[in-house]
Every structure is written in C-alpha cells, then in structure tokens.
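J.: The lines below spell out each chain.
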Amino acid sequence: MATVATHQDAHSGPLDNRKLLMWLFLASECLFFGGLIGTYLLYRDRSTDIDGPFAHDTTINGIHYTGIYDIPFTSVSAFVLLMSSVSMVLALAAIQRNDRRGLQVWLACTALLGLTFLAGQAFEFTVFVHEGLTLDENLFGTTFFVLTGFHGAHVSVGVLILLSLFVMAVQGKLTHKQSLNVELAGLYWHFVDVVWIVIFTLVYLIR
Amino acid sequence: MRLGRLSVRYVLFAALLLLSVLLFSGCGVFSSPQNTFAPEGEVAKMQRDLFVIVMIPALLIMIGVFAAMIYIVVRFRRRSDSDPIPEQVHGNTRLELTWTILPTILLIGIAVPTLWGVIKLGNQPGAEALHVTVVGSQWQWTYEYTDAEFLDANGDPLITTEFYIPVDRDIALEIEALDVLHSFWIPKIAGKTDAVPGRSNDMWFRADSPGTYAGQCAEFCGIGHPQMKAELIALEPGEFEAWAQEQMSGEPGGDGAETPESPTASP
Amino acid sequence: MAGAALEPRPTSVAEALRAARRQAGTYNGIWSWIATVDHKRIGMMYGGTAFLFFLIGGIEALVMRLQLATPNGTIVDADQFNRLFTMHGTTMVFLVVMPLSAAFFNLLIPLMIGARDVAFPRLNAFSYWVFLSGGLFIMSSFLTGNPNGTIFEGHLGAPDAGWFGYAPLTLPQYSGGHGVDYWALGLVILGVSSMAGGFNFAVTIINMRAPGMTLFKMPLFVWMTLVTSFLIIFAMPVITVGLFELLFDRLFNANFFNVQAGGTPLLWQHMFWLFGHPEVYILILPAMGIVSEVLPTFSRKPLFGYPFVVFSGVAIGFMSWGVWAHHMYTTGLGSIANSAFGISTILIAIPTGIKIFNWLGTLWGGSISMKTPLMFSLGFIAMFTIGGLTGVTHSVVPSDYQQQDTYYVVAHFHQVLFGGALFGLFSGIYYWFPKFTGKMLNEKIGQLHFWLMFAGFNLTFQPMMILGLLGMPRRISTYSDGYGWGFWNMMATVGAFMIAASILTFIINVVVSMRSKERAGNDPWDARTLEWTIPSPPPAYNFAEIPVVTALDDFWHKKYIEKESGVVVPAMAGAANGEEHHGDGHGIHLPSPSYWPFVAALGPVIMAFGFIYDFALVPAGAVILLIGIYAWALEPATEPE
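Protein chains in written order, with my numbering: chain A, 1 to 207; chain B, 208 to 474; chain C, 475 to 1115.
One chain only, chain A, in its complex shape (with noise of 0.2 Å):
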C-alpha cells in the first residue's frame, strides 16, 4: 500500500491529461464535422437556383452546365496536405530522438505544406466567386464554402500551432522532453487531415 500512496498525484489512467484533452477534443471536433458535413449532404441537390454553377457537370432541359469543380487542381492539394501528414510524423520523430535540426525542418516543412494547401484554397474561392458562386448566391454556394471554409480555418490554426513549435526549436526551448506538444499538434494535424480526405470524397468526388 505504501508504493501507491508514495506516488502523489497519482494517475489512474493510461493516458497522460494533455492527450486525453486532445482526444475528447477531437472527438468532439467529429459531431462539429458531422453536422456541417451532413448539413451540405442534406442541401446537396435542394438548391433552386437553376441558372448559378454546378457542382459537377449537369444537364438540365438538354442545357449542359460545365461543372465548377477542378478536380485534379483538389486532388493536388489534398495530396500536399496529405503529405505535410508525413513531414509531421517525421518531426515527432526528429523530437523523440532528440534531433533538432530535424525537428526544425520537419515543423517547417509540415508549416509550407500546409500554407500551400491554404493557399490553393485560397486559389479556388477566387475562381469560384469569379464564376458566380459567393456565400449568398444560392444553397450550393452557402453549404460549400462554410463547410470548406470551417475547414481551412482548422488548416489555418494548426499553422499557427506549427509555426509557434517552430520558433521554439529554434531558440531551443523546445527539446526532447517536449516532444509531447508536437505529439499533440501531430493529432491535431492528422485529424485535420483526415477530415479533409471525408470531405474531398463526400463533396468533390462522390456525385
């Protein structure tokens, strides 16, 4: 008895308190995604507007609508952010064995990775309000770029989180007894990715 006792504070469960955060908070980030997700599968063919862009190639009364979507330009970018997945792995890595020019790199890397995917998001909101589709236009435009937009606005905070573990290791002050925060802005990270290859699926891909 007097073992136990000695261990103050002591944790009765298997994972450290930041991570359990992070996964309740994850957990919770999935009903946030679900009911976006399932608002714009709800409203996907229940717009009224018959003249505005299309989603996907659409004939209506024998007039075909070109699709606005530019599939292989979003497979790109899906990818990019699929593989700042990778770097982000590579600098847990790095951290684990203390290796912190590789932590460095990796945090960078993962960062320009993501900022890339930002800014192909970027990229296709333009065209797509040069085409007609805003905000306000019709349904199709409202689910889209709330849904998508949530999203980049998740891809923009963990930047922001990378960035910030980024000029820790720089002046030093992020070492291997650390590596927890860049475990954590890791899951962070893959959770945004993931949710980003259900949403490239279920709103681009699938018609």
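Heads up, a few of these hints could be off.
Pair ranges (Cβ atoms, derived) [what the hints assert, rightly or not]:
| no. | chain 1 | residue 1 | chain 2 | residue 2 | range |
| --- | --- | --- | --- | --- | --- |
| 1 | C | 982 | A | 16 | 43 to 51 Å |
| 2 | C | 998 | B | 308 | 38 to 46 Å |
| 3 | C | 1040 | B | 329 | 51 to 59 Å |
Below, a sample of chain C positions facing chain A; criterion: calculated Cβ distance under 10 Å [what the hints assert, rightly or not]:
| no. | residue |
| --- | --- |
| 4 | 597 |
| 5 | 672 |
| 6 | 673 |
| 7 | 676 |
| 8 | 680 |
| 9 | 709 |
| 10 | 713 |
| 11 | 715 |
| 12 | 716 |
| 13 | 727 |
| 14 | 748 |
| 15 | 1100 |
| 16 | 1107 |
Not close to chain B: a few residues of chain C, all C-beta gaps over 10 Å, as computed [unchecked claim]:
| no. | residue |
| --- | --- |
| 17 | 505 |
| 18 | 525 |
| 19 | 529 |
| 20 | 537 |
| 21 | 988 |
| 22 | 1011 |
Please keep in mind that the hints were generated in silico from the structure rather than gathered at the bench. Values in this document were obtained by computation on a predicted structure and should not be read as measured data. Glycine included, C-beta positions come from ideal geometry on N, C-alpha and C.
For chain A, the structure is supplied; the task is to place chains B and C on it using the hints.
T.: Below, chains B and C alone, put in the same frame as chain A:
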C-alpha cells in the same frame, strides 16, 4: 421535528381537499372552447382516449410512489441520535431486476396503442373526403378548397378566410406556410399539425356534430401569434352545399355555366 | 518509487504546507479572484454568478405570470412578452442550471476523488470567465437589441424568437434588430465555456482519482458528472454548427434556412433537438448525482443498488441521443419516424424509473433524518416522478398532437427542470454549504424555504398541466375572456410569487447563517465521501496527504465497522482521521495563479460585439484571445519551489 411531520400531513390533506373540491364541484373551471377533454370529432376522441389510457396507470404509479415515500419516511424516521445504525444493505439484484422488468412490460403495453394510433392517423382519408389546403401566414389562416367542384373557370380553387366543413365527412388537409412556422389546431376536433414553409403536411379529421369550434395557431410565429385564431364551422351537409354555392357564385369566375342547381346531394 | 524519487522532497508535511500557503497568496484582494485557478474559488464564483442570473430569470418569469394572471393582461405588450420568455428560457437553461451544475462540479469533483485540483486549473478559470462574459453579453441585449431603439428610449431589447430559436422566425426579415444575433453569438460563447468544462472534468475524473479509487468506487455524483461531461462534449458541437449556420444567414445573407433557395427550417429543429435532448440530461443528471449522495447520508445506508444506478445513468446518457424527434412529431416526419421516436421515448423511461425505485430502496430500512437537504431531495424524487410520468405521455404520439406546444408541455419540463434539477441543486446547496463556508445553513429557515418552494412550485405548475389540457397554447402573451383559463392562470401566478418568497427566504437564510458564529466542523452530517474528511472550508491544497481509497463510501468505512451479524458500530475513536501516516510528506504542488485565462476570455466577447457592430473589432478580439492563449501556454504552470 414534529412540526415537519405535521406539515407534511397538512399539505397533503390540503392538496387532496382542494383537488377533490375542484374535481367534484364541476364549477366550470374545467370547461373551455379548446378543451381537449371534450372532443367533438373522431380524431380528437381517439387522442383523448389514448391519453387517458396512459394517464390512468401513470396516476396510479404516481400515487404508489408517493405513498411508498411517505410510508418509508414515517416508518424509518430517526427518532433520536442514539438510534442504532441500520443494516448496510447494498442492494438486491432480484428486486432491482423486478422493478426493471415490470415497468418495461408496462411500457411495452403503452407502445401498442401508440402504434395503433399512429397508423390510424397515418391512413389516407376516405375517397369522398373534402380536400382543403390550409395556408398559414403572419397572422392568419386561409383555406383553399381544391376539389373539382370548388374550382372556378380558370381552375383556381375557392379561397376563404373562414373554414366551413360538412359534418360526418372526412376532411383531408394539406398544411402549408408562406413565411414562418405555424401550427394548425382545432383542439376539439383534432390535434395539431405544423405548417412548415417549403413543405406540405397531411392531416385529416371529421366533425361529429354541427357547431363552431375554436382553435388557434400553436407554433410561435411572432407578435401576432396570440391573435392567430382558427375557427372551424361545421354544417349539416345540406347547409354546407348551400354555403359552397353561395361562395362560388360570389366569385367572379363562378358565374355562367356553373349557376346553381338545387342541392341534390343533401341526404 | 521511481516516479516519486524525481520529486524534490521537503522534509516534512508541515514544511510542504507552509510552502503551499506562501504560494497561494501571490495575489491579494480582487486580483486574487481574477487570477485564481483554485477550483473551490472558481466553483463559488460559478455558483454566485449563476444565482444572480437566476434572480434575473425569475423576475422575467414573475412579469410574465403577472401578464397572464388574468385575461387581456396589459402589463407588457406582445413584443416585450416575446423577449421576456425568450430570455427566461435562455437564462434558466444556459445561465442558471448549467453553471450551477458546473459550480458543483468545480467544488466537489476534486474533493470527492481525492485530488488537489482539476486536471487543467487555468482552463477551468477560462471556462468561468468565458461563461461570465457570455452571460453578460446576452444580458446586454436588453439594452440595445431592439430595432426601434435602446432601452433608454423605452424599447426592451433582447432576442424575441424563443429560446429554441426556430428558423425561419430567427431570420432578419422576421426578427429585426440585433436581439437574435446577441442570442446566437452568446450561445456560441457559452458553448465554448461548457465544452472547456466538459473536457476538463472528463479528464479530471478519468485521470486524477486518488489511488485505489476504481471507477466503481467513485461516488455517484462523480459518475453523473462524467456522463454529463461526455454529453456536453458531444452535444455542444451540434448546436454550435446550427448557431453558426444561423449566424451566416443573418450576418452574411447565406441560405441555410432560406426556403426560396431550397433550404429547410426543419434542419434547424433537427440540430437544435439533437443537441437539445442530451441537454435535458445535462441539466438533470448532476441533480440526480446530488440526490444520490444526499439520500445515503441522511438515511445512514449505502445507495441501494449502486451498479444499477450507475448503469442507468450511463444508459440515459446513450439513449438521450435517440429521442430528439419527439419534440417534432407534428412537423410531418411521417408515421415511421414518429413511431420509432415514440418507442425510444418509452424506452428512456426505464432507466429513469430504475433510479426512482433505487432511491426509495435506499431510504427503506434506513435511519432517516429529515434535515433540509433531504427534504429537497425528497421533493426532487416526488416532482421528478411526475415529470417522468408526464414524459411518458409524450411518447404516445397521437395524443401528443394535442399536447405539443401547450402549457401541458410547459408544466412537464418545469416539473423536470425546476421540480427536478433545481430541487436537486438546492438539496446540494444545503448539503455542502457547511463544507465550503464552515457555517451551517439555518435548519428552521431551511424547512420554511423548502415548504414555501414546494407548495409554490405545485401551485404554479400543476395548474399549467390542466391549462394545457384545456387547450392553452404556449408563448401567447395574452388570451381573451371565454376560454376558461383565467382561474388556473391566477393560481399559477400566486404560486409563482410563493416561489419568489421562498427564494427570498433562502437569501435571508444565507445572510443569517453566514453571520452566525457557530462552526460546522469537518463532518456535520455524518457523511460518507472523501470531501468530509478535510476541514471546512477546505484548505487551498485540499488534502494534506492524498488519501488511499479502499471502498465505495470510503470515509464511512473508516468511521464504522460492520460486524458479520450486520450490526454496525463506530470504529475506535481517532481511526477515522488518524490513518497511519505513510511517513514521508511529499511536495504539494499547487497550480500558480494566472490572469491570462481572464485576458483570453475577453477575446471571444469582443469578437462577438464586433460581429454585431463593427467587423474591425473581430480581429482585435482575436488578437486578445491569441495573446491570452500564448501567454498562458508559455508561463510555467506550477511555481518552482
């Protein structure tokens, strides 16, 4: 602490007394033109009966629980601080399973009439039903009689702001809304159905006897919500035909070929 | 042993305590409250704030009761009435019952599980400050929420579309001004607060239990808090999505609820009730936990069938996700959906019934001491029984077509949320008041408070049941003569003022009791759980030594010995608190005070004002939030010794 016990009894007696006075005096406080317990139509009757079927066992359970609680509190009250510490009973699995399974059976018993009622209300009304589209808008109801006999020369339905129906005939409603949510409700005739913009909800009912039945919008719809009444006037079939003829002839499109014949449809 | 060896070890417990005291006094006066991360202080701030909001919500209710007391009431007009009932619902749900429960989580959870604080003390402070700012934000809508002018020009602001905010009435063309913006933004802010609390308590309960406290040795209140935390974690995001969609529609002309563009108002209802029904259990489960602590103490018996009560609570948590559409029978979901949700509503009555029977089983054969906390718990059981049974009547879909949106429903959910949740919370207030103030609440005034509130409650809400059956719809600001509703409404109004009198009695009780010189002692009720082992009020560090738990109701088992014959006798004097010392004192690490959670909490509310009045404030608020979070993340969590 004697005081506490006495006051339990006082309050209970007073409550019982008040309740019985109210129940048996019949002093008019239980009557209302929108009383759901005084139904005047098949649907409302069925809804009242279903409620009573559930309310009676619910009241019995409530009385049982209250009686048990009072009995326990009186019997096992601590008389003095030197009372022995009771036996530390941690539970009784058999007893607990019993009071899990018994209510389950009782509740399944409730499910049966529920499903029966849902199916009955989900049924399509009879073929000879009168079809009316009820449209809610801030803050009034309009009624469109869409059956062939009510169409004018342009094929437009008869539109009124008063709801006349014949008794003893199924009335099939399509309920729609122009702006915000509303809910169409004539308590003595049938429960409510929401009017949802962009949707059309079905509902049917039947009035047993002629009369004027009060109702009102039941879904909050803004400042005019309390004033958004819905009055239903049920007429004998002959009178209803006469009313319909009068309405149709009053319509600009209702003249010409459709001029009144004498009501042949009256029983 | 290896883990403990890393800790710098003071030579004695006394020295560790002195160190902890020094550290707790870093800030003084009001700053010590703004910078506090002590769960007990945060809990008290939660409780005090929620009580002030309770008074506001109560006054709103009284005005409405006055208006409805007689036919053709003229106290307020329809517009004002709509704003009042919207704010009454919003206030009572989000600013009273939820934060009062949060107050109990804060005060009790670390003490009940034998911990020095919650898992994330600064996140906890953040929760409180966000709650306060969100609450004040919503309340400020009274001033400027009306499209026709401010309250100083005689126009009551505040949202006017109901606490349920059904689209499309919430869209700008039907609800002008900023009332609904305040409401939606405020609820988003409060959601952040609740979720932060939910995460914190879930982690605390899972990870921070004292050695030996396995899941099935946790007090029932801890269990119910765990279930509630998970419900919050999963339910809040759903309403947040709905609120964001509404805000996009209102602020940026999006089309989520625009019927012309193809949207459907029913989407809002699904989202709202998918959140809203778990929310009902978020409100009631903590009270059930409190009752499950009070009954054993005052009948000197363990909770009857502890595992059954735990599992029924967990079952309620799961099932609460499958009943949301019973709020929507009349929206035209179709017979199949209605049948399914009718049956799931029937099923959720089973675990609820189990709890009531087990509570009665706890009392049976006990040595029942009719003190005020127990009176409120008994009141809870009685009123909640009615609430539960009237809930079963809602599962009968066809008859619910009659009761939906009538006063019958108003009566039903007040039976659950007032007769249930609030009676349970008051039971908890009377029970734990001595623990956190060191003073007992006066017993005689307490009994008066109970009987006034109990009688007032029944006088208010049982007539509403009859009113509903007599066909009186909800949310009407007035009714004419000839509907036969005047008598019952007058009765309800009288009852409402009786409730007000009971609350006044409670306030007097608190004042009188706090002035009394009598000290409560560590364990005034002869209770069963860990919080009663430590002084009242507890020291900043809670436990001088982290307890080792060997049983459910551990403290009771240290005080009493059960002989094989079933006879229970007190353990030898001194054994209760004189547990053999484990020799070494360990360093007591208290989290350092921090004012960054307070700073960070200013961010969201500034952003919210920005969305309403000037978008330039939005980035400003975001920057403040970021500064707060960065400073918070970079400062050391525990002061070095």
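J.: For every hint, state whether the structure bears it out.
T.: To see whether the hints hold, each was checked on the structure:
1. C/982 - A/16: 43 to 51 Å: Holds, since residue 982 of chain C and residue 16 of chain A (Cβ atoms, about 48 Å apart) stay within the stated range.
2. C/998 - B/308: 38 to 46 Å: 40 Å, holds
3. C/1040 - B/329: 51 to 59 Å: The hint (51 to 59 Å, Cβ to Cβ) holds, given that residue 1040 of chain C and residue 329 of chain B are roughly 58 Å apart.
4. 597: 8 Å, holds
5. 672: 8 Å, holds
6. 673: 5 Å, holds
7. 676: 6 Å, holds
8. 680: Holds, about 5 Å.
9. 709: 8 Å, holds
10. 713: Hint on residue 713 of chain C: holds, closest Cβ of chain A at ~9 Å, below 10 Å.
11. 715: 3 Å, holds
12. 716: 7 Å, holds
13. 727: 4 Å, holds
14. 748: 8 Å, holds
15. 1100: 8 Å, holds
16. 1107: 8 Å, holds
17. 505: Residue 505 of chain C clear of chain B: closest Cβ-Cβ about 45 Å, beyond 10 Å.
18. 525: Consistent with the label, residue 525 of chain C stays out of reach of chain B, its closest Cβ about 26 Å off (over 10 Å).
19. 529: 26 Å, holds
20. 537: Non-interface label stands for residue 537 of chain C: nearest chain B Cβ at 16 Å, farther than 10 Å.
21. 988: 24 Å, holds
22. 1011: Per Cβ check, residue 1011 of chain C is outside 10 Å of chain B; nearest 25 Å; holds.
In this structure, none of the earlier numbered hints is contradicted; all agree with it.
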